[in-house]
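The chain contents come next:
4 protein chains.
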Amino acid sequence: MTTEIQLNALKQVAEIFDKHVPFHNLLGLEIKRYDTEGVEVVIRMKLELIGNIHQNILHGGVTATLLDVVGGLTAFSGLVSSREDWTIEQLEKRLTTLGTIDMRVDFLRPGRGEVFTGTGCVIRSGNRVSVCRMELHNEEGTHLAFGTGTYMVG
Amino acid sequence: MTTEIQLNALKQVAEIFDKHVPFHNLLGLEIKRYDTEGVEVVIRMKLELIGNIHQNILHGGVTATLLDVVGGLTAFSGLVSSREDWTIEQLEKRLTTLGTIDMRVDFLRPGRGEVFTGTGCVIRSGNRVSVCRMELHNEEGTHLAFGTGTYMVG
Amino acid sequence: MTTEIQLNALKQVAEIFDKHVPFHNLLGLEIKRYDTEGVEVVIRMKLELIGNIHQNILHGGVTATLLDVVGGLTAFSGLVSSREDWTIEQLEKRLTTLGTIDMRVDFLRPGRGEVFTGTGCVIRSGNRVSVCRMELHNEEGTHLAFGTGTYMVG
Amino acid sequence: MTTEIQLNALKQVAEIFDKHVPFHNLLGLEIKRYDTEGVEVVIRMKLELIGNIHQNILHGGVTATLLDVVGGLTAFSGLVSSREDWTIEQLEKRLTTLGTIDMRVDFLRPGRGEVFTGTGCVIRSGNRVSVCRMELHNEEGTHLAFGTGTYMVG
Chain G
1 MTTEIQLNAL KQVAEIFDKH VPFHNLLGLE IKRYDTEGVE VVIRMKLELI
51 GNIHQNILHG GVTATLLDVV GGLTAFSGLV SSREDWTIEQ LEKRLTTLGT
101 IDMRVDFLRP GRGEVFTGTG CVIRSGNRVS VCRMELHNEE GTHLAFGTGT
151 YMVG
Chain H
1 MTTEIQLNAL KQVAEIFDKH VPFHNLLGLE IKRYDTEGVE VVIRMKLELI
51 GNIHQNILHG GVTATLLDVV GGLTAFSGLV SSREDWTIEQ LEKRLTTLGT
101 IDMRVDFLRP GRGEVFTGTG CVIRSGNRVS VCRMELHNEE GTHLAFGTGT
151 YMVG
Chain P
1 MTTEIQLNAL KQVAEIFDKH VPFHNLLGLE IKRYDTEGVE VVIRMKLELI
51 GNIHQNILHG GVTATLLDVV GGLTAFSGLV SSREDWTIEQ LEKRLTTLGT
101 IDMRVDFLRP GRGEVFTGTG CVIRSGNRVS VCRMELHNEE GTHLAFGTGT
151 YMVG
Chain S
1 MTTEIQLNAL KQVAEIFDKH VPFHNLLGLE IKRYDTEGVE VVIRMKLELI
51 GNIHQNILHG GVTATLLDVV GGLTAFSGLV SSREDWTIEQ LEKRLTTLGT
101 IDMRVDFLRP GRGEVFTGTG CVIRSGNRVS VCRMELHNEE GTHLAFGTGT
151 YMVG
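In order, the protein sequence lines correspond to chains G, H, P and S.
Quick note: the first sequence, position 22, residue 22 per the numbering used here, numbers continuous.
Quick note: the second sequence, position 97, residue 97 per the numbering used here, numbers continuous.
Quick note: the third sequence, position 52, residue 52 per the numbering used here, numbers continuous.
Quick note: the fourth sequence, position 109, residue 109 per the numbering used here, numbers continuous.
Honestly, the hints are just simulated from the structure, not real lab data.
Treat the hints loosely; a few may be bogus.
If chains are identical, the list can't say which one is meant, so a pair holds when it fits in one copy or spans any two.
The list that follows gives simulated cross-link-like pairs (lysine to any residue, SDA-like), each with its CA atoms no further than 20 Å apart [stated by the list, open to error]:
{"id": "1", "residue 1": "Lys32", "residue 2": "Glu15"}
{"id": "2", "residue 1": "Lys46", "residue 2": "Gln12"}
{"id": "3", "residue 1": "Lys11", "residue 2": "Thr36"}
{"id": "4", "residue 1": "Lys46", "residue 2": "Asn25"}
{"id": "5", "residue 1": "Lys19", "residue 2": "Asn56"}
{"id": "6", "residue 1": "Lys11", "residue 2": "Cys121"}
{"id": "7", "residue 1": "Lys11", "residue 2": "Asn52"}
{"id": "8", "residue 1": "Lys93", "residue 2": "Leu47"}
{"id": "9", "residue 1": "Lys46", "residue 2": "Pro22"}
{"id": "10", "residue 1": "Lys32", "residue 2": "Gln55"}
{"id": "11", "residue 1": "Lys32", "residue 2": "Ile16"}
Since this is a predicted model, take the numbers as computed values, not measurements.
Construct the complete structure from the given sequences, taking the supplied hints into account.
Written out as structure tokens, the structure reads:
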């Protein structure tokens with residue numbers, strides 16, 4: 001069961017991350033899905049995101065950015081899902097403390113493709129700190145990168 | 001002692017990273033210095049790089065990108081410095097294999113400032129794999145982030 | 001298809017890790033299974049491995065050790081499986097270069113239990129460097145820790 | 001200025017870690033120094049700690065253990081130093097929540113030597129979470145490993 005407050009909180013966060021973060025707009029980053037089950041974040045290949053011009057490969061910094069955004073959203077979704085009695089004020093306050101403490105990125109293969117999709121899951125959930133694992137695939141399902149991040153959530 | 005071939009190799013790499021990587025141009029990333037002693041990479045704050053619009057803070061993905069670029073350049077500089085008898089062909093071949101295997105970013109403080117400078121050093125140098133530590137400071141010398149990256153160099 | 005040379009190489013490595021590494025003997029670490037499909041490493045709880053005497057919890061250093069051993073064995077198994085035409089001399093030489101470059105451990109829950117089992121998989125396989133992910137569970141299937149390690153294999 | 005309560009808290013913690021953690025006794029781990037300036041943890045080479053019998057090298061798990069212990073003690077020392085008005089009850093409560101969230105170990109060189117000394121510093125200090133960097137040297141000052149750990153402190 002998901003409460004209306006939970007749903008609305010996630011909807012608002014998706015709206016902010018999708019439309020009101022300048023760097024996400026610069027990259028063309030889109031939140032495709034965001035609910036208590038998880039998140040799907042997408043970036044489409046374009047010339048400006050290339051790191052290696054001879055091989056048409058996504059810059060590793062774009063990969064790291066996408067994984068970090070997925071991790072933060074996943075951590076917050078886990079926090080929202082952890083209690084049914086959140087007030088909207090409590091969740092807004094928690095959102096202001098959301099931040100990455102540390103992140104590891106494992107680059108598995110060169111970032112070739114047209115559409116890059118990031119997904120994630122919570123592996124340690126806490127009231128203050130959550131740890132998430134994230135993955136990046138291209139449109140053919142090729143696994144390009146893994147992430148592991150520790151997030152402040154309260 | 002640094003040979004002409006070593007100097008030219010680093011100069012060429014700096015030129016590529018500074019001018020011919022589309023994602024570096026998008027961010028406004030500049031190689032300020034690159035020699036056998038190390039590297040200094042700079043990004044200037046601008047609206048498009050902001051992650052938190054209420055607090056005017058650099059997006060963590062920009063931090064991760066800058067640290068990764070510093071790490072790769074540092075690893076390559078270490079490789080170039082490791083031998084005085086490199087041929088230009090050998091170094092060009094090594095450059096094509098340069099890549100990040102994994103990276104950890106530790107976010108220490110919110111990314112406030114006008115000019116962000118990344119520097120680094122090699123902590124494990126090898127003929128195939130090097131490990132580097134990287135740092136990010138703003139123009140006031142505030143330490144914003146640490147990175148640790150493992151790079152393929154051969 | 002697994003060749004006899006592959007099978008024998010893994011059998012020898014399991015024998016060394018199981019019987020001839022003094023620190024493994026000190027911990028009581030056992031290789032339960034080791035083949036081209038993967039590895040299962042076990043440690044049984046005993047007083048000497050405790051980190052927190054009030055709560056009877058496995059020391060985090062034991063967790064890290066077990067995950068690192070699993071990662072190294074997994075990386076080597078991946079290398080052995082990658083070619084069917086290895087000679088025994090080639091594999092023996094590769095074994096001498098096997099080593100951990102870096103490892104991340106994520107501690108998910110306190111290390112409670114009687115039997116701790118570590119398993120792993122290769123996420124990036126290479127001729128020189130492999131990256132593995134490892135997991136630690138107790139006898140009830142509770143997931144206690146994750147590891148991610150980068151290993152030199154050649 | 002360091003208060004008596006701060007000094008006593010660190011002294012008690014050093015006593016516990018030095019004498020009353022079974023796994024520390026098994027390894028022969030000793031707290032040489034522990035005050036508001038930092039910590040020095042030592043392990044002496046002995047047969048049982050060897051990972052590679054042909055080369056007389058310390059097992060990587062011992063390195064990871066020592067770095068993790070240094071990190072936890074460093075994080076707690078940082079917390080103790082952060083306020084002069086701690087009560088002994090508050091610090092005792094904080095000690096019960098002290099724990100490693102995640103740790104990265106970078107193995108720089110084979111663990112050769114007779115006496116291994118770990119030291120550390122806080123790079124991000126917080127009321128709930130601290131991040132520390134740790135180092136391991138042998139008796140000749142050779143730098144063997146780096147660690148970076150994120151610790152729960154409240």
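Do the hints match the structure? See the list:
When the C-alpha separation of Lys32 and Glu15 is checked against a cutoff of 20 Å, the pair qualifies only within one copy, where the shortest distance is 11 Å, while the shortest distance between copies is 37 Å. Taking the shortest Cα distances, Lys46 and Gln12 never come within 20 Å of each other, neither inside one copy (28 Å) nor across copies (25 Å). Taking identical chains as interchangeable, the C-alpha atoms of Lys11 and Thr36 lie at most 20 Å apart only when both belong to the same chain, with a minimum of 11 Å there against 46 Å between chains. With identical chains, the CA atoms of Lys46 and Asn25 are at most 20 Å apart both within one copy (13 Å) and between copies (13 Å).
Within a single copy, Lys19 and Asn56 get their C-alpha atoms only as close as 27 Å, which misses the 20 Å cut-off; across copies the closest is 16 Å, which meets it. Taking identical chains as interchangeable, the C-alpha atoms of Lys11 and Cys121 lie at most 20 Å apart only when both belong to the same chain, with a minimum of 18 Å there against 36 Å between chains. Taking CA atoms no more than 20 Å apart as the test, Lys11 paired with Asn52 passes between copies only; the shortest distance there is 18 Å, against 36 Å inside one copy. For a Cα distance limit of 20 Å, the shortest separation of Lys93 from Leu47 qualifies neither inside one copy, at 38 Å, nor across copies, at 25 Å.
With identical chains, the CA atoms of Lys46 and Pro22 are at most 20 Å apart both within one copy (17 Å) and between copies (10 Å). Neither within a single protomer nor between protomers do Lys32 and Gln55 lie at most 20 Å apart by alpha-carbon distance, with minima of 28 Å and 26 Å respectively. In this homomeric assembly, Lys32 and Ile16 come within 20 Å of each other (Cα to Cα) only inside a single copy, at 13 Å, whereas the closest approach across copies is 35 Å.
The structure shown violates the earlier hints numbered 2, 8 and 10.
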